[in-house]
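S.K.: Use these hints to put chain B onto chain A, whose structure you have.
Protein chains: 2
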Amino acid sequence: MKQTQQYLKAQNSIAPLFEPESVAVVGSFKEGRPGGYRVIKNLLAFGFQGKFYPVNPLYDTVFDRKVYPGIREVPQSVDLAVVITSAQVVPEIIGHCVEKKVKAAIIVSDGFAERDEQGARLQQEVVRIARSSGLRLLGPNTIGVVNPYVGLITSQYGVLYEKIHTGSIALCAQTGLIGPSTMPFEDMHYGISKICDFGNKCDIDEIDLLEYLGNDPKTKVIAMHLEDIRDGRSFLRKVKEVVSKKPVLILKPGRTEESRKALASHTGSLAGEDRIYDSAFKQAGVIRVSTYKELFDLAKIFAYQPLPAGNRVAIITMTGGGGVMGVDVAVESGLVPAKLSPETTERLAEISPWLASNPVDLGPAAVVVDNFFSHYEEIVETVLKDRNVDCAAIVFSGVPRVLDYQIFARLETKISKPVAFWIYGPKLSLAEEFARNLENHGFPAYPECEPAIKALGAAFRYAGIKSRLSQAEEKP
Amino acid sequence: MKQTQQYLKAQNSIAPLFEPESVAVVGSFKEGRPGGYRVIKNLLAFGFQGKFYPVNPLYDTVFDRKVYPGIREVPQSVDLAVVITSAQVVPEIIGHCVEKKVKAAIIVSDGFAERDEQGARLQQEVVRIARSSGLRLLGPNTIGVVNPYVGLITSQYGVLYEKIHTGSIALCAQTGLIGPSTMPFEDMHYGISKICDFGNKCDIDEIDLLEYLGNDPKTKVIAMHLEDIRDGRSFLRKVKEVVSKKPVLILKPGRTEESRKALASHTGSLAGEDRIYDSAFKQAGVIRVSTYKELFDLAKIFAYQPLPAGNRVAIITMTGGGGVMGVDVAVESGLVPAKLSPETTERLAEISPWLASNPVDLGPAAVVVDNFFSHYEEIVETVLKDRNVDCAAIVFSGVPRVLDYQIFARLETKISKPVAFWIYGPKLSLAEEFARNLENHGFPAYPECEPAIKALGAAFRYAGIKSRLSQAEEKP
Numbered sequence: 000m001k002q003t004q005q006y007l008k009a010q011n012s013i014a015p016l017f018e019p020e021s022v023a024v025v026g027s028f029k030e031g032r033p034g035g036y037r038v039i040k041n042l043l044a045f046g047f048q049g050k051f052y053p054v055n056p057l058y059d060t061v062f063d064r065k066v067y068p069g070i071r072e073v074p075q076s077v078d079l080a081v082v083i084t085s086a087q088v089v090p091e092i093i094g095h096c097v098e099k100k101v102k103a104a105i106i107v108s109d110g111f112a113e114r115d116e117q118g119a120r121l122q123q124e125v126v127r128i129a130r131s132s133g134l135r136l137l138g139p140n141t142i143g144v145v146n147p148y149v150g151l152i153t154s155q156y157g158v159l160y161e162k163i164h165t166g167s168i169a170l171c172a173q174t175g176l177i178g179p180s181t182m183p184f185e186d187m188h189y190g191i192s193k194i195c196d197f198g199n200k201c202d203i204d205e206i207d208l209l210e211y212l213g214n215d216p217k218t219k220v221i222a223m224h225l226e227d228i229r230d231g232r233s234f235l236r237k238v239k240e241v242v243s244k245k246p247v248l249i250l251k252p253g254r255t256e257e258s259r260k261a262l263a264s265h266t267g268s269l270a271g272e273d274r275i276y277d278s279a280f281k282q283a284g285v286i287r288v289s290t291y292k293e294l295f296d297l298a299k300i301f302a303y304q305p306l307p308a309g310n311r312v313a314i315i316t317m318t319g320g321g322g323v324m325g326v327d328v329a330v331e332s333g334l335v336p337a338k339l340s341p342e343t344t345e346r347l348a349e350i351s352p353w354l355a356s357n358p359v360d361l362g363p364a365a366v367v368v369d370n371f372f373s374h375y376e377e378i379v380e381t382v383l384k385d386r387n388v389d390c391a392a393i394v395f396s397g398v399p400r401v402l403d404y405q406i407f408a409r410l411e412t413k414i415s416k417p418v419a420f421w422i423y424g425p426k427l428s429l430a431e432e433f434a435r436n437l438e439n440h441g442f443p444a445y446p447e448c449e450p451a452i453k454a455l456g457a458a459f460r461y462a463g464i465k466s467r468l469s470q471a472e473e474k475p
Numbered sequence: 000m001k002q003t004q005q006y007l008k009a010q011n012s013i014a015p016l017f018e019p020e021s022v023a024v025v026g027s028f029k030e031g032r033p034g035g036y037r038v039i040k041n042l043l044a045f046g047f048q049g050k051f052y053p054v055n056p057l058y059d060t061v062f063d064r065k066v067y068p069g070i071r072e073v074p075q076s077v078d079l080a081v082v083i084t085s086a087q088v089v090p091e092i093i094g095h096c097v098e099k100k101v102k103a104a105i106i107v108s109d110g111f112a113e114r115d116e117q118g119a120r121l122q123q124e125v126v127r128i129a130r131s132s133g134l135r136l137l138g139p140n141t142i143g144v145v146n147p148y149v150g151l152i153t154s155q156y157g158v159l160y161e162k163i164h165t166g167s168i169a170l171c172a173q174t175g176l177i178g179p180s181t182m183p184f185e186d187m188h189y190g191i192s193k194i195c196d197f198g199n200k201c202d203i204d205e206i207d208l209l210e211y212l213g214n215d216p217k218t219k220v221i222a223m224h225l226e227d228i229r230d231g232r233s234f235l236r237k238v239k240e241v242v243s244k245k246p247v248l249i250l251k252p253g254r255t256e257e258s259r260k261a262l263a264s265h266t267g268s269l270a271g272e273d274r275i276y277d278s279a280f281k282q283a284g285v286i287r288v289s290t291y292k293e294l295f296d297l298a299k300i301f302a303y304q305p306l307p308a309g310n311r312v313a314i315i316t317m318t319g320g321g322g323v324m325g326v327d328v329a330v331e332s333g334l335v336p337a338k339l340s341p342e343t344t345e346r347l348a349e350i351s352p353w354l355a356s357n358p359v360d361l362g363p364a365a366v367v368v369d370n371f372f373s374h375y376e377e378i379v380e381t382v383l384k385d386r387n388v389d390c391a392a393i394v395f396s397g398v399p400r401v402l403d404y405q406i407f408a409r410l411e412t413k414i415s416k417p418v419a420f421w422i423y424g425p426k427l428s429l430a431e432e433f434a435r436n437l438e439n440h441g442f443p444a445y446p447e448c449e450p451a452i453k454a455l456g457a458a459f460r461y462a463g464i465k466s467r468l469s470q471a472e473e474k475p
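Heads up: the sequence lines are chains A and B, in that order.
Residue numbers for the first sequence follow numbering that gives the first Met the number 0, so the first one is 0 and each next one is one higher.
Residue numbers for the second sequence follow numbering that gives the first Met the number 0, so the first one is 0 and each next one is one higher.
Extracted from the complex, chain A is given alone in its bound form (with noise of 0.2 Å):
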C-alpha cells in the first residue's frame, strides 16, 4: 500500500525539486553568513534562469531585492521553497507553504530526527502538515539540490567557483558531502545533471530520486550513496526497472558492524546486514562500488562512452610496467587481455614487431623506429577496430607535443567502442589539462591505471545486465 502511494507521489510531483520556476528562500539575510544570504549568493552567482523570493519579516532587502516578510506574501505562486531557519518554526513555514500550494519544499534547517527525540517529533509534524496537501519535501538536515541546467543551486555555505558543469551524471547522497561546497567540481569538469542530498529522507526518498532521474533525459548514468533504504521491497522493484534502462552506481557503507553502530548514530536508521544489500544489489543489476572516489570515477564512463559488446579490453601503453598492471585490474574486474587478429599484428608488425601483442607496449616500438609518433592514430584505430577486441585502455602520458592530441578528437567519431584513459606525467598541470582534453572529446580520463580499467569493466557488467533484463521484459 506505502509502495504504490509512494510511486504515485513521486510520479505527480517531484520536478519542482530540480526544475522550479520559481523559488522562495525562507531564512537569515545576515551578509557573509551561511543561510539564506549564501543561499541567494549562490543562486546569483551561478545565474539561476527562474524567479526568486527571499523571505524573512525581519528584513526589507538583500542584494537589492525586496524580501517578503513571509511566504503567502509573495506575489506570484512559488514551486519551491528553500527552508533555513531555527526547526521550532518549520512547522509554521511549512503551514504557511501548503496554503500557497508551493509544490516542493527542501527544508535545510538541521536539528530533526538526527538530533534527538523532541527533534524527530518536529519532523513527524513537518512531515503531516506537508502531507495534507501533497507537498513534497525534501530533509531536513540536507544541503538540497542542484540542477546546472537552469543554475538552481540550494546550499547555504560558500561554494568558491560559480558555474558546474553541465553533464549526464546524476549524483545523490545521504550526505552533505556530495554538495558544491564540498566537491571541486568545477576543478574537476565534472559533467552533472542533478545533484540531491537526501537528508533525513521524511519524504523524498532514493525511490523518489530513482523514479524522477530514470525519467530525466538529462541523466544518463545514476551514482548514489546510500546509508540506508527505507523500504526494500519498492527500492528494488523501482531500481530494477531504472537499472533497465540507465545504469545505476550505488556506494553503500556498513559493510561492517561497527560501521553499522557508526550509522545508526549518523542517521538515526538501523542498517541491516551488508550481504542482504549485496544480494538485493546483485540481483536488481546495480553496480555496487565500494568507495567515494570510484562512485565519482566509474561514473564516468556511462556518461561518455558507448557500452562494449563484449569484456575483451586491448590495453595500448607507453609502459611495459603500466600495460601488465593493467592486465591485473582487468582480469580481476571480469575483462579479458584481446587476442589480437591475425590481420591486427600484421598490421602492427609493420610498424614493428615489438607491437604485435596484447598490451600493446609501444615502449620499445618507440625507441627503434624513426618518427614513431606518427604511426600512433594508426596504431590506435588498427587495434580499435580490431573484431577481437571489445574496449580499450589507453595509457598516456601527458606532457607537450609528444603527438597531436586532435588524434583523439578524431578517433571519437570513427570508434563506437568504449576507451578510457590513463594519463600520467611529470607535472600534474599537463596531465590534467590533457585529461580535461579528453573528456571534451568524451574519453574519461583517470590520474591512475585503476579507474580507467575498473571503468571498463563497469561497463561491460552494466551491458550484461542491462541486455539480461531486456530479455526478462521481452519474456511474456
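Everything labelled a hint here was simulated from the structure, so no lab data went into it.
Take these hints with a grain of salt, some might be off.
Any copy will do: because identical chains look the same in the list, a pair fits if it lies in one copy or spans two.
What the hints assert, rightly or not - The calculated DSBU-like cross-link candidates involving lysine-lysine, where the alpha carbons are at most 30 Å apart (straight line), are:
#1 K50 / K426
#2 K426 / K217
#3 K281 / K292
#4 K465 / K260
#5 K426 / K40
#6 K260 / K338
#7 K426 / K29
#8 K426 / K219
#9 K384 / K260
#10 K29 / K465
#11 K239 / K338
#12 K426 / K162
#13 K217 / K281
#14 K244 / K281
#15 K426 / K292
#16 K338 / K65
#17 K50 / K245
#18 K239 / K413
M.R.: Chain B only, in chain A's frame:
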C-alpha cells in the same frame, strides 16, 4: 653459494650507484634529444654535487664542458658510469669501465634481454666483462637512479622540474614509470631518499637494493614494484632482515594468469603462481599493496609518523557520512573504532553532547555551539591523548579561514600517536595547499578517505610484524 656472493657484493659495492663522487656520462650529446645531453642537463638542473664527465669521441663540448673521447681518458677517477649508447658498443664501454676501475655502471641502453635472443647474449657478455672486476651493473634498459640528497639524476628524458624533495622514502621499480620524467614528484612534494629502476636486473637486483636501503640512514621505508624475484630464498631471508628494521611495501603484479603472460613478454622472465608470492611476503613481513598509487600513498605514513601501539582508531570528522565510510575502511584494514574513555566523552560532552562518541562528528555540534572552532584544538588533543586511542584519522575540509592551521603544527609536538588526514574541499588548489602544509608538519594527507585510513592500518600491521620479528630475534 650464490646467495653469499650476492650479499658480499652488495655490501661492498652498490653505494657508488647512489653516492658517487664522480660520474661519467657516455652517450650522444645531440642538443634537445633524449640521451647523454639530457642526463647532463638534468645533472646541472638538479645541482649534482659531485663531478661529472661527458664522454663521446664525436663531441668536443656540451654545456661548455669538455667532452672526453673515452672513459679511460677521463683524468680523474670515476665512481659511476651512465651508459646510453647503442647496445652493440656497450660491451666495449663496460670493458673500458673495468680498465678505469669504475665502481658501478648504469646501462640505460635497451636492446638487450628484453628485446631478443641476440640481446640476451649481448647482456650475458656485458655481465661477464663486469664480473671479471667486481664492477656493479644496473640495467640494462633502465632510467637509472635518483639521489635527491646529492642532486644525482640519471634520466635520459626531460623531467619538467628541477627539484625532488629530500625525504625518507626509497622507491624501486622494475619499470621506468617510477622515474622523475613520468612521476610528478615535485608537485606531490614527495620526500624521497633514493629512486632506482631495476631495468633488466642483469646484476643489481632487489636483494642488493634491500641490503643497501636497509642500511641507508636516509631511508625509513622501502616501496618496491617487482615484476619477478630471481632468487626467492635469498630474497626472503634478506627482506625479513630488512623488515625487522624498516617497513618494506611491495607491489607485485602478476596476480592473474593473464598478467603473468604479459609479464613474460615484458621482462622475459616467468613469474610464479601468485599465491606463492603472497604467502612468502606474509611470512617475511612484507606489506603487499595492490595498486601503484597505494605504493606511494602507504609509504607516507611510515616516512612521517610513529607506529601505533595498537589498532584502536579515532575518527574526527566534519562529515558524518565520511566518518561512517572511514569506519568501514578501518575495520577492513585491521583497525577497530576506539571506544573513548569516560574522561574523554565527559570532556567532549561539556563542549557538546553530539561530540561524545567515535567517530567524533563535528558537524552537528558545529551548528549548535557558538564559536565552535575555538574548541577544535582541544577536541583533537583530548581525543588523541585518550588512553583508549592508538591512532587517528582526521577528516577536514581544505577551505580558507575555517581555523588556524597552526593547530596541527602544535599537535605535532604534543602527540606521539600516528595521525593521517583526509582533506577534501571545493577547490583542489586549496585542498592541496592544506595537505602540503600538513605534510610539512609530518602528517600524511590524502584527498580521499581510503588511503588515509588504510595507511593507519598498514602502520598497525607493520608495528605487529616488527615486534614479532624482534621477539623472534631475541630468542636463542
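S.K.: Hints first: check each against the structure and report whether it holds.
M.R.: Hint by hint, here is what the structure shows:
Taking the closest pair of Cα atoms, K50 and K426 come within 30 Å of each other only across two copies (29 Å); inside a single copy the shortest separation is 44 Å, beyond that limit. In this homomeric assembly, K426 and K217 come within 30 Å of each other (Cα to Cα) only across copies, at 26 Å, whereas the closest approach inside a single copy is 35 Å. For a Cα distance limit of 30 Å, the shortest separation of K281 from K292 qualifies both inside one copy, at 21 Å, and across copies, at 29 Å. In the homo-oligomer, the alpha carbons of K465 and K260 never lie at most 30 Å apart, since the shortest distance is 35 Å inside one protomer and 32 Å across protomers.
For a Cα distance limit of 30 Å, the shortest separation of K426 from K40 across copies, 18 Å, qualifies, whereas the shortest one inside one copy, 35 Å, does not. Proximity of K260 to K338 under the C-alpha cut-off of 30 Å is restricted to the inter-copy arrangement: shortest distance 12 Å between copies versus 48 Å within a copy. In this assembly of identical chains, the alpha carbons of K426 and K29 lie at most 30 Å apart only when taken from different copies (25 Å versus 43 Å within one copy). Taking the closest pair of Cα atoms, K426 and K219 come within 30 Å of each other only across two copies (26 Å); inside a single copy the shortest separation is 33 Å, beyond that limit.
Only between protomers do K384 and K260 lie at most 30 Å apart by alpha-carbon distance; the minimum there is 24 Å, versus 51 Å within a single protomer. Neither within a single protomer nor between protomers do K29 and K465 lie at most 30 Å apart by alpha-carbon distance, with minima of 50 Å and 57 Å respectively. Proximity of K239 to K338 under the C-alpha cut-off of 30 Å is found in neither arrangement, the shortest distances being 34 Å within a copy and 40 Å between copies. Proximity of K426 to K162 under the C-alpha cut-off of 30 Å is found in both arrangements, the shortest distances being 26 Å within a copy and 12 Å between copies.
Taking identical chains as interchangeable, the C-alpha atoms of K217 and K281 lie at most 30 Å apart only when both belong to the same chain, with a minimum of 26 Å there against 50 Å between chains. In the homo-oligomer, the alpha carbons of K244 and K281 lie at most 30 Å apart inside one protomer (16 Å), although the nearest pairing across protomers, at 46 Å, exceeds that limit. Taking the shortest Cα distances, K426 and K292 sit within 30 Å of each other both inside one copy (22 Å) and across copies (16 Å). Taking identical chains as interchangeable, the C-alpha atoms of K338 and K65 are never at most 30 Å apart, the minima being 68 Å within one chain and 52 Å between chains.
Taking the shortest Cα distances, K50 and K245 never come within 30 Å of each other, neither inside one copy (32 Å) nor across copies (63 Å). For the homomeric pair K239 and K413, neither the shortest alpha-carbon distance inside one copy (33 Å) nor that between copies (53 Å) is at most 30 Å.
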